[in-house]
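**Student:** Now for the letters of each chain:
There are 2 protein chains.
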Amino acid sequence: MDAEPLLIYITKFISLTDEEESILISRLNFRKYLKGQYIVQHGDVCRFSSFLTSGCTKTFYIDHDGQEHIMMFSIKDWWSSDLGSFISQLPANYNVQCIEPTEAIQISYENQQKLYDEIPKLDRLFRKILERALVASQNRLVRNLSLTAKERYLFFKEQYTSFEQRIPQYMIASYLGITKEFLSKIKSQIILDQ
Amino acid sequence: MDAEPLLIYITKFISLTDEEESILISRLNFRKYLKGQYIVQHGDVCRFSSFLTSGCTKTFYIDHDGQEHIMMFSIKDWWSSDLGSFISQLPANYNVQCIEPTEAIQISYENQQKLYDEIPKLDRLFRKILERALVASQNRLVRNLSLTAKERYLFFKEQYTSFEQRIPQYMIASYLGITKEFLSKIKSQIILDQ
DNA sequence: CGTCTATTTGAATGTACTCAAAAGCGGTGG
DNA sequence: CCACCGCTTTTGAGTACATTCAAATAGACG
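Taken in order, these protein sequences are the chains called A and B. Under my numbering, the first residue of the first sequence is numbered 515, with each subsequent residue one higher. Under my numbering, the first residue of the second sequence is numbered 515, with each subsequent residue one higher.
One thing to keep in mind: the hints can contain errors.
Copies of one chain are not kept apart here, so a pair can be met inside one copy or by any two copies together.
To be verified - Straight-line distance between alpha carbons at most 27 Å, and here's what the computed DSS-like set of lysine-lysine pairs gives:
#	residue 1	residue 2
1	K628	K526
2	K526	K546
3	K694	K664
4	K642	K590
5	K628	K642
6	K526	K635
7	K635	K590
8	K526	K642
Simulated from the structure, these hints should not be mistaken for lab results.
Generate the whole structure from the sequences, applying the supplied hints.
**Tutor:** In structure tokens, the structure reads:
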């Protein structure tokens with residue numbers, strides 16, 4: 515368990531001094547999850563954010579009919595949390611569950627707040643990360659508004675090639691906002707197209 | 515034209531010294547738009563971000579069929595830009611157009627970069643703003659995945675009461691991801707429900 | 001090989017869209 | 001003042017995209 519993957523990730527955005535690095539490292543926790551374990555559970559306060567170093571998670575919402583709607587998948591070198599709950603420290607609306615055995619570097623809410631004061635550059639780091647995440651979220655929204663299910667699937671397939679391998683189809687369907695049966699029909703339709 | 519509305523807005527997130535305020539003010543521009551004018555046009559680089567002090571804008575995408583998909587409305591005390599274009603300084607995918615006469619306080623990309631170095635607190639300011647914006651964007655995504663058109667409209671009506679007054683229905687339909695005809699049918703349906 | 005889960009297939013249904021036409025609603029000018 | 005124009009909203013019929021439910025197949029794993 516070491517902080518190296520996070521430090522390498524951070525250098526893509528900002529550079530830290532050795533001292534800053536060791537302060538940061540002193541405030542990290544490391545944790546392993548089994549397939550199926552929850553990192554965040556609806557109703558609980560999300561007390562830490564998780565930077566994944568291996569594995570895969572899904573973040574999803576359970577609607578009033580008990581149906582699951584997947585908002586995002588996270589893998590290595592990406593963050594996984596209920597951001598709304600984390601920043602407000604109020605109960606989470608969403609769930610984060612491991613769909614593979616997963617390893618994470620975690621920062622508790624309290625430590626994150628301390629770190630922002632100890633290392634002001636981290637405000638810049640997360641400002642930049644959030645800028646990109648927001649752009650990605652807006653682009654996804656527009657795709658959901660403007661593309662048909664088939665087009666959304668083809669985009670997903672192309673954009674997230676590696677995900678198609680490791681994620682069950684019924685979860686991809688949920689992410690795309692369609693039923694598993696309809697995704698299956700879309701796939702057979704695509705085969706006929708060729 | 516003064517910077518007061520922006521300064522008041524900022525105090526909700528961070529506090530600036532008098533000196534920091536005057537640096538900030540020196541880097542702002544003020545601009546008025548007529549109804550129908552574009553603040554950002556698809557294909558152009560978005561060279562500034564706009565903080566609205568009056569009026570209303572829509573941010574939208576034009577799809578391959580020439581259809582318009584509204585991503586957001588912005589009013590007083592909110593930002594309006596193509597964030598993806600602004601942070602990358604690459605051509606915009608989206609358009610921002612005034613649907614009312616609109617006044618904005620603007621910060622150019624160059625000035626924003628300078629300001630981040632001159633006033634490190636601004637990294638924190640925008641980190642916090644972006645956190646909230648991302649949460650809002652994710653919540654909207656989930657509503658689009660999990661609610662029917664009627665439910666989305668009822669949510670919009672309740673959440674954005676003031677918008678219903680000032681924004682034409684066909685634009686609200688676009689924002690909700692449905693056709694204007696169908697929104698009209700939903701409304702008559704809701705009247706029957708009562 | 002059997003069991004459990006995931007995927008596919010088909011028929012019937014529902015939600016939302018398209019197209020066309022009519023009705024409503026301002027604003028402007030004669 | 002009202003008649004006309006352009007734009008927005010409504011209504012209706014027919015259609016398309018996507019869902020539901022049920023059953024059959026296929027895959028994965030012990």
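**Student:** Hint by hint, note whether the structure agrees.
**Tutor:** Now the hints, each set against the structure:
1. K628 with K526: Both: 22 Å inside a copy, 20 Å across copies.
2. K526 with K546: The answer is within: 25 Å in one copy meets 27 Å, while 38 Å across copies does not.
3. K694 with K664: both (13 Å within a copy, 23 Å between copies)
4. K642 with K590: both (19 Å within a copy, 25 Å between copies)
5. K628 with K642: Classified as both; 19 Å inside a copy, 15 Å across copies.
6. K526 with K635: Both: 13 Å inside a chain and 21 Å across chains, each within 27 Å.
7. K635 with K590: within (23 Å within a copy, 30 Å between copies)
8. K526 with K642: both (10 Å within a copy, 21 Å between copies)
In the structure shown, no violation is registered for any of the earlier numbered hints.
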